[in-house]
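Position chain B relative to chain A; hints supplied.
So the sequence lines, in the order shown, correspond to chains A and B.
For the first sequence, our numbering assigns the number 1 to the initial residue and increments by one for each residue that follows.
For the second sequence, our numbering assigns the number 1 to the initial residue and increments by one for each residue that follows.
Just so you know, the hints here were simulated from the structure itself, not pulled from any lab data.
Virtual Cβ for every residue (Gly too), placed ideally from N, Cα, C.
Wrong hints could be hidden among the right ones.
[Said to hold, decoys possible] If we take Cβ atoms under 7 angstroms as the criterion, some of the chain B residues that face chain A in the derived model are:
1) 75
2) 155
3) 163
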Amino acid sequence: MSLFCYAEPLLSAEGITKTFGRITGCADVNLDLYAGEVLGIVGESGSGKSTLLRCLSAAVTPDAGTVSYTLRQGGTKDVHAMGDAERRMLMRTDWAFVHQNPRDGLRMHVSAGGNVGERLMAVGERHYGDIRGCAGEWLAKVEIAENRIDDLPVTFSGGMQQRLQIARNLVTHPRLAFMDEPTGGLDVSVQARLLDLLRGLVSDLGLAAIVVTHDLAVARHLSHRLMVMKQGRVVETGLTDQVLDDPQHPYSQLLVSSILRA
Amino acid sequence: MSAQPGGYNFAYLDEQTKRMIRRAILKAVAVPGYQVPFASREMPMPYGWGTGGVQVTAAIITRTDVLKVIDQGSDDTTNAVSIRKFFAKTADVATTERTTDASIIQTRHRIPETPLRRDQIIVYQVPIPEPLRFLEPRETETRRMHALEEYGLMHVKLYEDIARHGHIATTYAYPVKVNGRYVTDPSPTPKFDNPKMDNCPALQLFGAGREKRIYAIPPYTEVKSLDFEDHPFEVQTWEESCALCGAGDTFLDEVITDDRGGRMFVCSDSDFCSQRRSAGHTGVQSPEAAE
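The shape of chain A in the complex, shown without the other chains (with noise of 0.2 angstroms):
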């Protein structure tokens, strides 16, 4: 894998803060993505990993910081400061978004092919034959039968789910992919299938990615770069296996340290 380096980074966050009351969820979070890289954010439960991604996707409004975006049409914005229509557009244009229950990230009740098709028709397209033949390629790119394309999500294995939500966010070949454990609820075959498949995909489409995750496993094999957190704060940073192997902090390594071996 090779790193990609431009001089812009595609997406900066700054001094990213979000409390909710007492309770810290990220503090002074600082990072860089650059185009086709994969960042990982490792921790464990409660550290801050999904409200830090909530607010780099502008999901939530962070209470000190910015994030700012590298647009496709060149320029750099804040995308908390721009207008709902731009960050609703860059959303379903430039951004997908992985969300951990494929029921958070699908509609259930309409068919596999109208979910990928989705994307496409909110940005204009109006021929459902194209819509369609774009929908059963992107299927097939995620390894669902094409003959399954007019069934429902809810008649889908949990793995069929997460593949076909992730056909959904790529339809419209976005720049920028968030994460947020996107094998998790799933079993091990099944994960290291959607693993290789998120592989392939990021490396051929040159999709940037920031994957939030408990399962070290999984920061190895997707991820460029390694952020591990501990309590809202970014405890240490550095290339995937220096993290992972030669861990600098006593959190990390304790993290490191607590994966049974089979």
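Same frame as chain A, but now just chain B:
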């Protein structure tokens, strides 16, 4: 000005309420297709019986108006008869069954076959004014979608229709885009009537009593039914023609006539059908033909 012998204010509602509704109507006309919230009142009839339409009619009716009320195209069904009587009693206005004689037409689920004129107003009774409701249950979200013109979801519904049935199977409450801006529910009229809304010379007002919304399509406004490039909008057609008047281009109701499979197709617009019959048109089952 408005005390009535029966003790009711003119057209039942008090003057302040009528002013409030008129303000909502003016706003609705100014922003075609936009759902204007209004303080819907309790009416002396249950929700679902046209409380929204009745309030709109009460706010716009004057002593010189001639009112026609139709329910599924027909002048003589319960809903139509009771609302017509309601205004005859509380506003003492003339009522008619003839589309051409009416100045205000309150309707449930049909637009008359006779083309409307610019001196007429048609008032629709609307159960659920939000076209996106069955796709997106959150009101906060649907409002934002309207504000930002995010209507991709509406096409998802049409996509699902084609995927499941091979064609767009939505036959009533077929979504339209008004004046190139707001996606609007034309109330549960059959899609057969959608083309009549486009560039209609009459003012079209929509009242939803339970949902407390009023919206409008001003005269001569573009109303476009949503569709796909390769699955264009089409209206229903029938192989039969009206069994009573022989009309071949109207919306037909299927009427079961016995328990041995007997059936007939008749115009749903009862006034249009009787006008044609009195003009000498006959169908296969009209009494004249049977003799």
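Hint check:
Annotation: interface hint on residue 75 of chain B violated; nearest CB of chain A at approximately 39 angstroms, more than 7 angstroms. Checking residue 155 of chain B against chain A: minimum C-beta separation of about 4 angstroms stays under 7 angstroms; hint holds. At a threshold of 7 angstroms, the smallest CB-CB gap from residue 163 of chain B to chain A is about 5 angstroms, leaving the interface hint in force.
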